[in-house]
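Mind docking chain G on chain B? Use the hints.
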Amino acid sequence: MNRRDLLRLTAYASSLVLAGRLPLLSAGRQKSRPRRQQQPARQTSAAKRNIFTEPPAIEPVTGYLGKFRPVATGTMRGDFAVKYDLIRWGPVNNKTGRARNIVSGSLEIVRKVNGRDTVYETVEHRTGQTTSRVTTKLNCRGKLDAVVRWTAVSDVMNGRNAQTDLKFEEHGIVSNGNIVRNNKLGTIESVNSHTLLPQEALLSLLAGDIVKSDDLHFDMLQNGLVIKPNQTLYYSGQIQIPVAGRTATMDCYAQTGYGILPTHYLADEHGRVQLITQQNTNWALKELS
Amino acid sequence: MVKKRPNILFIHVDQLHYQTISAYGNPYLKTPALDRMVSDGMSFMEMYTTMPQCCPARASWYTGRMSTETGVPVNSCPLDPNLPDLGQWLRKHGGYDCVYAGKWHIPNRDLSKSFRQIFGSGMGEHNDASIARAAVGYLQNHSGDKPFFLNVGFMNPHDCCYTAGAGGGCGKFSFAKEIADKLPPLPENFLYNPNYAARTRGWKDLQWRYYIYSYYRLVEMADAEIGRLYNTLANSRFADNTLVIFTADHGDGLGFHGRVSKGYMEEQAWHVPAILIYPGRIAKGKRDTEHLASGVDIPATICDYAKVPMLPKMTIGRSLRPVLEGKSPAWRDFVIGESMLGVGQVGIRDKQFKTILYGNDTAKIYDLKNDPLEKHDLAGIEQGKAVMQRHMGYMRRYISSIEPAPVPAGNQLGIKYKNIYEKYNSWYKQILKEA
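As they're listed, the protein sequences go chains B and G.
At position 222 of the first sequence (counting the first as 1) the number is 222 in the numbering used here, and the numbers step up by one without a gap.
At position 268 of the second sequence (counting the first as 1) the number is 268 in the numbering used here, and the numbers step up by one without a gap.
The set of hints was computed from the structure by calculation and includes no laboratory data.
All values derive from a computational prediction rather than experimental measurement.
Misleading hints may appear alongside valid ones.
Unchecked claim - DSS-like, lysine-lysine: derived pairs with alpha carbons at most 25 Å apart:
#1 G:Lys182 - B:Lys228
#2 G:Lys146 - B:Lys184
#3 B:Lys184 - G:Lys4
One chain only, chain B, in its complex shape (with noise of 0.2 Å):
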């Protein structure tokens, strides 16, 4: 192909592209317009700010959603266990136009209810230059899985194990809007704004349909180890993403607040989180059981 050929087709890509007529750019948009016909049922305030002209919520995956297959199976109300890839993003590839995603470490939560308690115990592990495992246990309650007491261990692998001269332990509890924290240095005491609610509960909760209904504010406590306060998350309508060899309909929520950029969950019709898109780091459902 000569120079003046690859101009001609590169004008000719970049009006579709601008017209939103090329399939994985105009995902979101062909479907925008029709979708508050299809849900006259979701005219929430919430929903009425979908304003999705192109999809947000998958830039950051799109070199991986051509071979992600939505989990089918599986619930994530009550007690169950699930598994995330962390899919890492890295500059677009010139030749599909796609971020170039790769799987850079994982997340695996197991949601038991006990009493009136509900107990989240997750691993993360985090790779590249150095492996990181982070260990929570997370005692929740309440309707929102509100925390009130947890453990957290952080450590450092060298291959498969832990260096044990660089693990962090540390106990929290919440008590009547004070958090406590305890490790082997010392106490840290804070205050938060909202009700207190680790990241792992938000799968259980956007399986409901509390968020649908209304925006949740909440302080988050990320990892059992960092707190980002003032955080919200809203219903942001349905979308219409290219996953392997289809397209799939999921419901778009959005995060926004303190220290995090803005976050969608999207999750399917069953409630299922299938994807949760930040930037560099993001995450796809693998196992559900």
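Chain G in isolation, oriented as in the chain B frame:
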């Protein structure tokens, strides 16, 4: 009797704009951890990096030399192997346990030979939390009398350079429409110039404002991890005997003058925040606006508090300790920074004015006291001429003080990099000759 050496915690972030700490008055983000550090220690409000790009700025921190002296005038150039770095120096002369987590980015220097590397580098969203956890893990397990020199290099807010987008698109930028009411306004000195950066061509106001919004969230992301680390230290047995230093390698455009990124001498790229904390020794909550500080003052201050000799051939760097401890030392009249990207630029800053000299014989001059956002160029008008004359005198004094790294023999680095060494060597010789 030799007094016990303090522990030193050096926290640095990548690409932090100097106006992005909420305690300093920015209403568009919250940085509770940095705010606490501001109230616990002393802020140097006039701190300038040696070169507003990652590798040169970092090479200066760790060797105490200006970016044209280290062999690293721009990213990817190799550090002079004969220069010792702080890890080697404090280990040898102070018996420190020298530890490093996170971003290093100094070419031609094996980090693991200078420090015990406890965690590697990577994108901020992916890695910074792990870096903070490794650092608090180190603190939790540190025992014995050996003082530590713990270095923690967070990547964020540098993730602003990595926009997740399909087909060269703008990633989550299209989400801007959905949160338009949350987006901060454009800066007062926003002036879009399509020649600045390819990635911003075609951006409308909404994209620019989303960039600023997401940048602030990345600053908060770093802030949360800094809080994880600092709060652990501040509530530990190490708190009273640890010098904490926080700064950034360079700033970010953040829409100022219609720019993103770094590498130039306008305030948004060159000017950086700096906070130093040492309970009982450094005044709490003080914000110093009197002393012009440089990135090379950081290693000088570290050597001073660590009670080790100054790093060799430290031509410009001065310990901030007398200022930190409330004394009134004779101080420099001006501070200089360099960027050898493009035609080459040198920033010369005195208490009121700033000149940016360009390698193509042009200049910009600003009155920072009355025009802190650099909106009115005084070059060519009467007021500017007097400033230029004075600043050229400063420049000649500066060139006479430093020891520029020579042009490398042979072509091992390739002509592109060789030209950079030639650029400042010939430019500086010309300036002295014209005098």
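Each hint, compared with the structure:
1. G:Lys182 - B:Lys228: holds (18 Å)
2. G:Lys146 - B:Lys184: Holds, at roughly 19 Å.
3. B:Lys184 - G:Lys4: Holds, at roughly 23 Å.
Consistency note: the structure conflicts with none of the earlier hints.
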